[in-house]
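K.L.:
When we follow our numbering, the leftmost residue of the sequence shown carries the number 2, and every step to the right adds one.
None of these hints come from the bench; they were simulated from the model. Values in this document were obtained by computation on a predicted structure and should not be read as measured data. Warning: the hint list may mix true and false statements.
[To be verified] Just the calculated beta-carbon pair ranges, DEER-fashion:
#1 52 / 85: 26 to 34 Å
#2 82 / 121: 35 to 43 Å
#3 50 / 213: 46 to 54 Å
#4 121 / 43: 15 to 23 Å
Yeah, the Cβ is synthetic: ideal placement off N, Cα and C, and Gly gets one too.
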Amino acid sequence: MHRGAMNRVRSEEAALSRRSECRGKPGPWFAGHGVVRFFPMRCRGCLGPLEDGQAGLCRRCWSGLAALPEERCPRCALCHGGGECPEPVAWSAGDALWSYRAGRPALGALLVPAIKRGELGWKAALLERAGLAPLPDFAAGADVVCSAPASFPRHWLRFDLAEEAAAMFARRLGKPYRPLLRKAWFSRAQAGLPEGRRRRLPASAVSVRPGRTVLGRSILLVDDVWTTGTTLLRCAQALRRAGAGELAVLTLFRTLPFS
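With the hints as extra help, turn the sequences into a complete structure.
P.N.:
Here is the structure:
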């Protein structure tokens, strides 16, 4: 076979195999005709052999979904040696399912930006694993589950990872999910900004949606990634101003310092 034709078949095989993994359908028609034997599929994360993989990532890469250290703070989910929590928080309990930069490659840092750009296969696989991960005890005490609001560019993609995670957690807990918060039009996405600019997010950037009642209600606030915590803090402050009761925070990933 001509080299150009072989390369074309290989690229078509990779595209069709990824599509079949995302949709749960059989692989490409030529998967059993020797093409895979000569051109084995590669993991899209570590570029190693795609063994026991899902959505184009191998089992070794998916093992990068590592839990946070046991000695973490019950409010900010960081390890600071005990004592009073030094982080600015407005909630009674906070936790995350996984460390953002655990694994090689760092799986959270690989998945989340790609999902926000529209990688639906990785989003489905990540939410499937989140649906099986153990939840902290405080999550069951919420009356309602809500998510941190998306910035406008992410909202235009017609999906929001934080919102879908919140809805999934609400189903697991048997609680209602409500989109209680909105972001001001002038507030840009926090992803990619340096820490100083993240922390300067004004309090007016997040508010409770008109017509939503949160007075006295215990709320579980969900987001995809917890980095500086400024977005979560502004969300919690908005809920407090509206009269919410007990607040707790749960995210998919937590960025740990020096991790």
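K.L.:
Report the numbers of all earlier hints that the structure fails to satisfy, in ascending order.
P.N.:
Hint check: 1 fails alone, others pass.
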